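Chemist: One letter stands for each residue in the lines below.
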Amino acid sequence: MTPAFSFVSFGLAITLSPLLLGVIQKTKAFFAGREGAPLMQPYFDFVKLFRKGGVYSRTTSWVFWAGPIANLAAALLSLTFVPLGRIPAPAAFPGDVFMVAYSLSLGRFLMVLAALDTGSAFEGMGASREVRFSLLAEPVFFVSVLTLAVVTQGASLSEIYGTLPRHMVHQGISTIWLAGGAVALVLLVENARIPVDDPTTHLELTMIHEAMVLDHGGIDIGFVQYGAALKLWMFSALVAGAFFPFSSARPFLEVMGGIGGVFAVAVAVGIVESSMARLRLIRVPQLILLAGVLALMALLWAAR
Amino acid sequence: MNPPILCSLRNGETAVCSQESGVSFEQFRTLLGKGIEAGHRLSALFVVPDDSFDGARLVAVLARPMSGDLQMIGCAVGSSYPALTPGIPAAHWFEREIFEQWGIRPEGHPWLKPIRFQPPRSRSGGRPSLLLPTVGVTEFFRVEGEDVHEVAVGPVHAGVIEPGHFRFQCHGETVYHLEISLGYQHRGIERAVGEGNSPRMRHYIETLAGDSTIGHATAYCRVLEGLAGVRPSPRAEAVRMIAAELERLANHIGDLGAMAGDVGFLPAASYCGRIRGDVLNLTAELCGNRFGRGLIVPGGTGFDLDQTLESELKRRLDDIEADALSAIEQLFETPSVLARFDGVGEVSESLARQIGLVGVAGRASGLPCDVRSEFPYGFYQFVHVPVCTWGTGDCLARALVRRMEIQQSFAAIRALLQSLPADRSPPAVMTLAPRRWVASLTEGWRGEICHVAATDDEGQLAFYKVVDPSFHNWFGLACAMRDQLISDFPLCNKSFNLSYCGHDL
Amino acid sequence: MFDILKARLKQKYRTLSYPKGPPPPLPARFAGRPVIGGRPCDTRCRRCADACPVGALQREEGQFPTLDTGKCLFCRECPGVCPTGAISFTREFRLAASSRERLTVTADSQGIPPVRHEIAATIFRRSLKLRQVSAGGCNACEADTNVLTTLAWDIGRFGIQFVASPRHADGLLITGPVTRNMQLALKKPTTRYRLRNS
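Residue numbers (the working numbering), protein chains in the order written: chain D, 1 to 304; chain L, 1001 to 1505; chain X, 2001 to 2198.
No wet-lab data here; the hints were simulated from the structure. From a predicted model like this one, the values you see are computed outputs, not experimental measurements. Incorrect hints may appear among the rest.
[Claimed, not checked] Think about it this way: if two alpha-carbon atoms lie no more than 27 Å apart in a straight line, the pair counts; the simulated BS3-like pairs of lysine-lysine are:
(1) L:LYS1314 to X:LYS2010
(2) X:LYS2187 to X:LYS2129
(3) X:LYS2010 to X:LYS2020
(4) L:LYS1314 to X:LYS2071
(5) X:LYS2020 to D:LYS26
(6) X:LYS2071 to L:LYS1113
(7) X:LYS2071 to D:LYS52
(8) X:LYS2071 to X:LYS2187
(9) D:LYS52 to X:LYS2187
(10) D:LYS26 to X:LYS2071
(11) L:LYS1314 to X:LYS2187
(12) X:LYS2020 to D:LYS52
(13) D:LYS26 to X:LYS2187
(14) X:LYS2129 to D:LYS52
(15) X:LYS2129 to X:LYS2020
[Stated by the list, open to error] Label pairs and their in silico Cβ distance ranges:
(16) L:SER1067 to X:LEU2095: 23 to 31 Å
(17) X:GLY2021 to L:GLU1310: 27 to 35 Å
(18) L:ARG1482 to D:PHE7: 42 to 50 Å
(19) X:SER2088 to L:LEU1325: 39 to 47 Å
(20) L:PRO1434 to X:LEU2095: 36 to 44 Å
(21) X:VAL2081 to L:SER1311: 45 to 53 Å
(22) X:LEU2026 to L:PRO1335: 27 to 35 Å
(23) D:GLY119 to L:GLY1103: 53 to 61 Å
(24) L:ARG1191 to D:SER105: 57 to 65 Å
All residues carry an ideal CB built from backbone N, CA and C; glycine is no exception.
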């Protein structure tokens, strides 16, 4: 596989990730029975937001505006290590899963600081919830990827996902799907989707992620939302790679298959959001625990 | 216009003003205490200014479900009196209102703070004091201690809702105490209506709480009809009842949808939101306005139904019923939704009785309070609508009561449309009798609406008092939030769905 | 999942075709934009102005009355008392105007006032986020604003959305006459507004 395709897939991630949000919205609109926002709505929003300036309160410091930028930078950085299907990531190296997880954590850490910088009780509350849940989700993510690494004997994410289809044929799908299921649950937690969080809610007291960014306006909220779109793309790619491994002799088809998988995950997220209520906040750790159990079972299975 | 000392009235019946000064305060307190103990409800407690001495008259309206009548008790008080609240918790909010409006201090009231931040009203009828309270500035209750923190929300909220201020004393995600501070919607309607014959009176009442237009307008019209001794035609009464049940349907369906939306359950939220609009459109077919403005006028109704409209309503009601019931079924058959509703925001029956909950919230706690069957008025005297109660007092109970009432309302409207009385007489001219008092109760979709009015020597309205069901129930919401998760507050709030403007007036 | 799909089939697709298609049928008793004139008017008669509960009808001697729809309650008292039928309520539901004065209907008013704003129409054509603040209304405005986001009207399809924070918004939607107690709270989020490119 030529490195050119790695860069193509990276470019596609950057350009197509907002469309992912549009696909989720459209899926939800279908289930509600409405026309819903256009597929391209996230792009329209970004175009407008990037034309706007920021609004800053006198009580906030540079931390407040640096947070969204750092978060976006961290998301872009981690994206360079995430493969799309069997196409390796542009900057893959052994152990890059830690790089991915911790650069995302760094971005989150700076967003939390920015939220605390506003001094608002809500943002503090949102930040505390966000940190609590991501703290629980992180080990689950590592165990799931470790399982896949054990199955495939790969060291980097790109190696793991590059050989998944082959291993699936040899070892059966149960281990891989268990680990993939755990990653899928982590996706819901990390990307603030139902049943964990409701990205469309207007109720400030129930918000998790949304509460943290209530004070960011204009271009800053643009950075935040774009960062979130990239993160959703990354996790969707990781879930899609585990569930619908696609291999073809032609790199072009590989790219198309990878993207198809990512959008299939978006549709699945839309279906989940259309068919169940949010969990009580106190039950969210139980969901993450479930993901942890899935990941551990997969690991034991793989290591037997 | 001295209030009657002690009299029992049927709902909407008038009493002649008394010349005497009323029962003694001790008697007043004993009567009230005994009444509440016997299972009566405090429907209204207010002060009527009196120029003849330095003080005012304290009036209580007790609703007595067992005998089906209302008791009006009056007594004279000075610039302060021993508070009733310690013995009768249901008086809590009323006494705060009395203190705020008239400066008459209930001594020993445990929580004497403004409820609306309105300028005080002058007892002598002159200009009110220029000292205006600043909204939201008061001594809020605080929980001290390590790790206890305060979360304050509002007055401007993130959703499309009315303004109100909420302060939570929390420990982590758990709420120890919630204090609700309102008054942002205060427009001075009660005062405007009480000051005599403005041509806008009916319109003020119609927009007192926009979602309860029919409920309040009916109570208002029954006040005038009582004072004028006019009876609307049976057909007008039937149309009023159809409108009232349509209002109940629209709001209950909307509330179930909103509760689904609060827990992020998309299908029921979307469907119910649309169906609510369809029910409002039926009201618009009746009178051209989705909220029923202009439909209820003193002496009758502003619009009538003809044969085509009758059959049109029947046809559309059938469609709406099928859609609504299937959407609501979705809600109650999804385990993830039930898990969110069950056991959240409980108010026990004894607490509900103590603090005087009314309407849906009261019935969900097991109180069989429903003006339609306790003090039937209008066409409810001829068509009985069953009282729907549930015992658990949580969000699930409030949702279930709504679901049952939706079914009852559909049945009631259909029955009415089958057999509408035929006579059509136009609304009569209103001449109000002088020196009369009247109390009128109606069951709005939220609960008991109480209007009390008095006329002066010339037969002009000289005093008007409105008690919206929300006035009774806001404190219930605060109680329901104790030891709950703060993230469940929006759901609890929506399950009560109280009116801000109806409270603030 | 199966139940959800079944219910969805039963509830059907509900978004209106308006504005591409025809508007939904209005109730027969709907009262829309009032018109004045068309019939002669007895210039000494004051019945309409006297009947108006809110003083929305102004009557200058010798001229047709003017009706301020910013005050009008659409209670339809005035056409009822007019002896010549010079005032009537049409079924025109487009009642918006871009300035306070344009809300007043006179005998010379023709059609509906234009409301298009060129800059807003370019920047916010496909994406408009609004923040709603209630200030002393009766909750009917809020109720009908919420209706806009339901299946039938679905303003989301035009890229219009109500957002949770004023910082996320491009515009404010204020409902109600602004009570004294809401003045301060309303000033706070609004004064923060600043837009760089427009």
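Chemist: Against each hint, give a clear statement of whether it holds in the structure.
Modeler: Results for each hint:
1. L:LYS1314 to X:LYS2010: 20 Å, holds
2. X:LYS2187 to X:LYS2129: 19 Å, holds
3. X:LYS2010 to X:LYS2020: 25 Å, holds
4. L:LYS1314 to X:LYS2071: 35 Å, violated
5. X:LYS2020 to D:LYS26: 20 Å, holds
6. X:LYS2071 to L:LYS1113: Cα-Cα ~36 Å, so violated.
7. X:LYS2071 to D:LYS52: 36 Å, violated
8. X:LYS2071 to X:LYS2187: 24 Å, holds
9. D:LYS52 to X:LYS2187: Holds, because 22 Å separates the two Cα atoms, which is no more than 27 Å.
10. D:LYS26 to X:LYS2071: Given pair LYS26 (chain D), LYS2071 (chain X) is violated - Cα atoms ~41 Å apart, limit 27 Å.
11. L:LYS1314 to X:LYS2187: 48 Å, violated
12. X:LYS2020 to D:LYS52: 30 Å, violated
13. D:LYS26 to X:LYS2187: Violated. LYS26 (chain D) to LYS2187 (chain X) sits at ~37 Å, over the 27 Å cutoff.
14. X:LYS2129 to D:LYS52: 13 Å, holds
15. X:LYS2129 to X:LYS2020: 22 Å, holds
16. L:SER1067 to X:LEU2095: 23 to 31 Å: Check failed, 51 Å falls outside 23 to 31 Å.
17. X:GLY2021 to L:GLU1310: 27 to 35 Å: Check passed, 30 Å falls within 27 to 35 Å.
18. L:ARG1482 to D:PHE7: 42 to 50 Å: 58 Å, violated
19. X:SER2088 to L:LEU1325: 39 to 47 Å: 41 Å, holds
20. L:PRO1434 to X:LEU2095: 36 to 44 Å: 43 Å, holds
21. X:VAL2081 to L:SER1311: 45 to 53 Å: 33 Å, violated
22. X:LEU2026 to L:PRO1335: 27 to 35 Å: 42 Å, violated
23. D:GLY119 to L:GLY1103: 53 to 61 Å: 38 Å, violated
24. L:ARG1191 to D:SER105: 57 to 65 Å: Between ARG1191 (chain L) and SER105 (chain D), where Cβ atoms are some 59 Å apart, the hint holds.
This entry does not satisfy hints 4, 6, 7, 10, 11, 12, 13, 16, 18, 21, 22, 23, going by the numbered hints stated previously.
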